Amino acid sequence: MSDAGQIRIILAKLGLDGHDRGIKVVARILRDAGMEVIYLGLRQTTDSIIAAAEQEDADAIGLSMHNASHMTLAPAMVKAVEAAELDTPVIVGGIIPDEDLQPLRDAGVAVVLGPGASAEEVAQAVRDAVASA
Amino acid sequence: MARAIRPIPELYEAARAGERRALGRLLTKVERGGDEADRISELAHPDAGRAHIVGITGAPGAGKSTLVSRLVSDLVTGGKRPAVLAVDPSSPLTGGAILGDRIRIDEGNDPGEAPSSFIRSMATRGHSGGLALAVPLAVRLFDAVGYDPVIIETVGVGQVEVDVVGAADTAVVVMTPGMGDAVQANKAGLLEVADVFVVNKADRPGALDVRRDLDLMLDLSHMTGQESDTGYRPPIVMASALNGDGNDEVWAAVDAHLAHLDETGSRQARRQHRIRTEVRARLEQAMARAADDAMNAPDGATWLGQAERAEIAPTQATQHLLHVLLQPTKEVPS
Amino acid sequence: MTAPTSSDSGRPDNPAYAEWRERYDAANLRDKPFETMSGVPVEPIYGDGPYPGEYPYTRGVYPTMYRSRLWTMRMFAGFGTAEDTNARFKDILRNGGNGLSTAFDMPTLMGRDSDSPWALGEVGHCGVAVDTLADMRDLFADIDLSAVSTSMTINGPAAVILGMYIAVAEEKGIAPDQLAGTIQADIFKEYQAQKEYIYPPRPSVRIITDMIQYTSAEMPRWHPLSISGYHIREAGSTAAQELAFTLANGFAYVEAATAAGVDVDEFAGRLSFFFNSHSDFFEEIGKFRAARRIWARWMKERYGAQKERSMLCRFHTQTAGVSLTAQQPEINIARVAIQALAGALGGTQSLHTDSYDEALALPTEKAARIALRTQQIVAHETGAADVIDPLGGAPYVEWMTDEMERQAEAIFAHLDDIGNGSILEGVYAGIESGYFVGEIADSAYRFEREVNNGNRIIVGVNDFTDGDDGEQHILRIGPEAEEYQRKRLADIKLERDDDAVAAALDAVTAAAADPTVNVMPPIIAAVKTYATLEEVVMAMEKVFGTYVEKAVL
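Protein chains in written order, with the working numbering: chain A, 1 to 133; chain B, 1 to 334; chain C, 1 to 553.
Derived list of chain A stretches under chain B, where covered just means 3 residues or more per stretch with a C-beta under 8 Å from a C-beta of chain B:
1. 18-31
2. 36-49
With beta-carbon atoms standing in for the labels, derived distance ranges:
3. C:380 to B:243: 51 to 59 Å
4. C:366 to A:82: 38 to 46 Å
5. C:449 to B:280: 41 to 49 Å
6. B:92 to C:449: 14 to 22 Å
7. B:243 to C:499: 30 to 38 Å
8. C:438 to B:189: 25 to 33 Å
9. A:121 to C:48: 46 to 54 Å
10. B:280 to C:202: 43 to 51 Å
11. A:121 to C:39: 52 to 60 Å
12. A:102 to C:47: 57 to 65 Å
13. B:205 to C:32: 56 to 64 Å
14. C:446 to B:49: 48 to 56 Å
Please keep in mind that the hints were generated in silico from the structure rather than gathered at the bench. No experiment lies behind these values; they were computed from the predicted model shown. Every residue, glycine too, gets a C-beta built ideally from N, C-alpha and C.
Given only the sequences and the hints, what does the whole structure look like? Please build it.
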């Protein structure tokens with residue numbers, strides 16, 4: 001089987017935010033796009049996500065944020081990835097105002113997906129992030 | 001991809017030294033199969049052979065993952081270094097998979113705490129015996145780098161999954177009340193491979209019925225050769241993984257089974273059986289690949305074409321192709 | 001054409017109508033002419049019975065509905081520090097709002113203090129931060145707690161927050177029996193949808209039954225439970241799932257409280273509900289009407305309620321936050337107006353209208369005011385409040401009501417089945433097995449696929465996308481709130497009597513360990529010592545443990 005290109009992505013809710021409607025939909029979208037999705041669930045820490053990323057040899061880490069805490073937590077995740085000497089791209093989706101897009105990219109977030117991204121856009125964004133990592 | 005390429009021996013040594021990132025990467029290579037996987041197998045083989053290999057299976061919704069999470073948590077508390085290989089089905093349509101289902105209890109809840117367990121999800125990736133090759137190799141790798149026990153968790157619905165669990169030192173089959181599980185398990189061939197039964201959600205009505213059904217089936221000696229051969233009768237443990245009730249008993253039964261294997265010398269026999277099964281699977285895969293190659297080779301295509309045009313019978317084409325297939329093309333490694 | 005002037009014209013021989021009319025005529029009505037904009041007088045109700053205020057209450061829980069009193073315009077507010085929110089509360093009261101509704105920030109909702117590592121970046125963001133009694137005091141500073149009705153949207157640590165509210169009122173000289181309001185405390189929907197749980201389900205329900213017992217005895221004007229479908233819907237359920245899961249949760253609480261020895265008529269009259277009003281206008285109205293009918297039937301027939309009040313499904317409604325789009329946010333005002341109208345035509349008792357900019361962040365003050373004005377337009381300009389259940393009798397609306405009921409009953413039958421004849425056990429089993437989250441995730445995915453493949457049009461998102469000027473005015477909560485809260489908490493921890501705190505917390509743990517003791521009195525005693533929210537929560541966690549969700553996709 002030629003599954004060398006099969007993308008493995010970790011999806012997680014970082015912090016206390018319990019809004020998991022979006023991330024569950026994204027999990028299914030990515031599965032339907034042929035990816036292997038490791039969903040860690042709610043209330044994850046940067047440490048627990050790094051531990052899973054190492055063990056699962058993930059190609060990407062996807063976070064969903066609906067709590068206005070993205071400006072704190074997303075950069076913290078990027079720093080944790082760097083500290084663990086991983087090169088896993090961090091992808092952030094959820095409720096992100098336009099004016100936060102560039103600051104998040106500057107902080108090292110590979111892709112920011114706003115509300116209203118279509119299934120194809122989500123899957124393609126993950127592929128692109130993994131390809132350019 | 002700009003990932004730093006580290007040679008396999010370096011990754012292997014790093015994994016032996018406890019670097020989880022290296023082990024994670026090696027497992028990916030194991031899953032992909034091919035030459036790199038073979039290389040890893042050869043490296044790991046001499047270092048493996050110590051871990052207690054435990055297979056856990058049961059129908060979807062039986063509470064396996066909750067049980068495994070609890071067991072892992074207890075094992076870590078008891079100073080062990082358990083590894084879990086959690087096998088989930090891939091979508092047959094897209095090849096994608098959701099490998100959700102795991103509560104990483106010992107690593108989720110306290111910021112800053114490092115795990116001493118290792119949990120790896122593996123998708124079945126469809127067909128072609130990939131799982132039958134990848135699982136024994138992943139288990140060998142866990143064993144070689146120092147994880148013990150190595151727990152393989154599968155959803156016991158397909159023959160491959162049942163075979164994988166059946167090849168463990170100790171096979172645990174999880175059932176729940178109200179799902180007609182004993183009968184289902186019998187159909188799937190799980191009863192024959194089980195060394196320990198767990199009736200999970202034992203606080204639910206019907207749990208005692210499941211136990212009675214199991215007892216009855218075990219009484220019919222043709223259901224299990226074990227009891228007549230060695231005097232070992234698989235115990236039935238009542239548990240409630242969610243509350244943690246009975247988890248100690250589950251692991252005690254698993255340990256007792258291992259002791260039984262050691263006493264009767266059957267652990268060695270299981271190991272041999274495992275090797276035999278793995279070699280057989282590898283051979284089958286090699287043969288299947290060779291069959292594809294033969295059909296695509298110029299000679300093969302000729303015979304095939306004649307059969308397609310009805311100039312020769314398919315049986316004759318097969319005979320000719322077999323001849324092509326068996327021509328030695330590869331050097332056998334010394 | 002002559003407008004009907006006699007109030008019972010055309011129905012002189014109908015005894016049911018006469019009976020209803022008698023109750024209607026005896027009631028106080030709003031002091032205004034009930035006539036159309038063009039001066040045509042209108043009857044209080046059209047069509048057949050059962051009339052409003054009569055079993056099974058499909059057409060309304062009260063005989064006069066909005067002819068006596070409009071719904072309560074209850075606007076949800078909370079952000080930053082307690083002082084910030086207090087200012088917003090006063091603003092709402094000044095602008096004609098008549099109920100306060102408190103949103104807490106995520107750490108508070110999860111029973112964590114502002115100095116917890118989990119609170120990093122979350123303090124004051126989606127609501128107000130409350131760590132100690134001092135914050136609660138600031139939150140309600142200069143507000144007469146005996147004159148307002150306060151709703152507090154909190155679940156996991158609800159008992160502790162209620163304890164703080166009682167203690168603050170006591171400082172103001174207001175006894176618990178004068179306090180009016182609601183605390184959400186609906187833990188089932190947390191496991192099913194909103195995910196703000198702390199303890200496992202059974203101990204959580206024990207705390208809730210303690211709160212029900214305590215408020216039944218001490219706080220007759222308090223609603224100890226607001227059984228909420230809102231979050232189930234926001235998480236992606238269908239209208240029928242929202243209806244069914246919510247009412248099933250209600251039945252489960254009734255079973256839990258009666259099992260704890262409280263008579264059903266002692267508390268059922270103080271239960272209230274909270275529904276979502278989404279954009280499918282007629283489906284929503286059918287859902288609201290079905291909710292009243294189902295609740296009344298089950299309370300009477302299955303749970304043996306005798307008092308009328310126990311059978312009334314009284315509910316708060318909020319427009320669907322999840323329907324708000326980040327694209328062309330101004331058009332959300334139109335969505336909210338339609339959803340608010342559905343709530344009014346569905347007979348809600350109170351209503352929160354969302355602000356158009358909420359898809360992105362907390363509402364700005366202007367957006368919050370527009371939202372309040374929107375429901376004021378529905379109440380005062382449309383005439384929708386002048387006739388009771390104006391859509392009742394319309395074939396489509398009656399069919400939809402029946403259909404919602406039919407779908408809900410099928411779900412009740414399933415829960416009854418997996419609970420072996422107990423809805424309470426069925427709800428526990430459904431939580432444990434991931435039934436609820438799985439059903440909701442399936443519905444959410446189906447919806448997203450429809451939007452994605454264009455079978456469902458969302459204006460501004462997958463069609464009619466021109467006109468997004470990209471301008472966003474966002475209310476941002478800076479790090480100041482977090483810094484302020486941490487500093488304040490540190491100061492309080494220095495000043496308080498640590499021995500008194502420790503002793504009070506031990507008493508909470510002891511009460512938690514003894515199911516025959518009510519946890520409320522020791523919680524109230526503990527918060528008075530300035531024990532923090534997290535400390536009290538942890539004092540119970542020692543006994544109850546924590547809940548970790550099994551991720552179901």
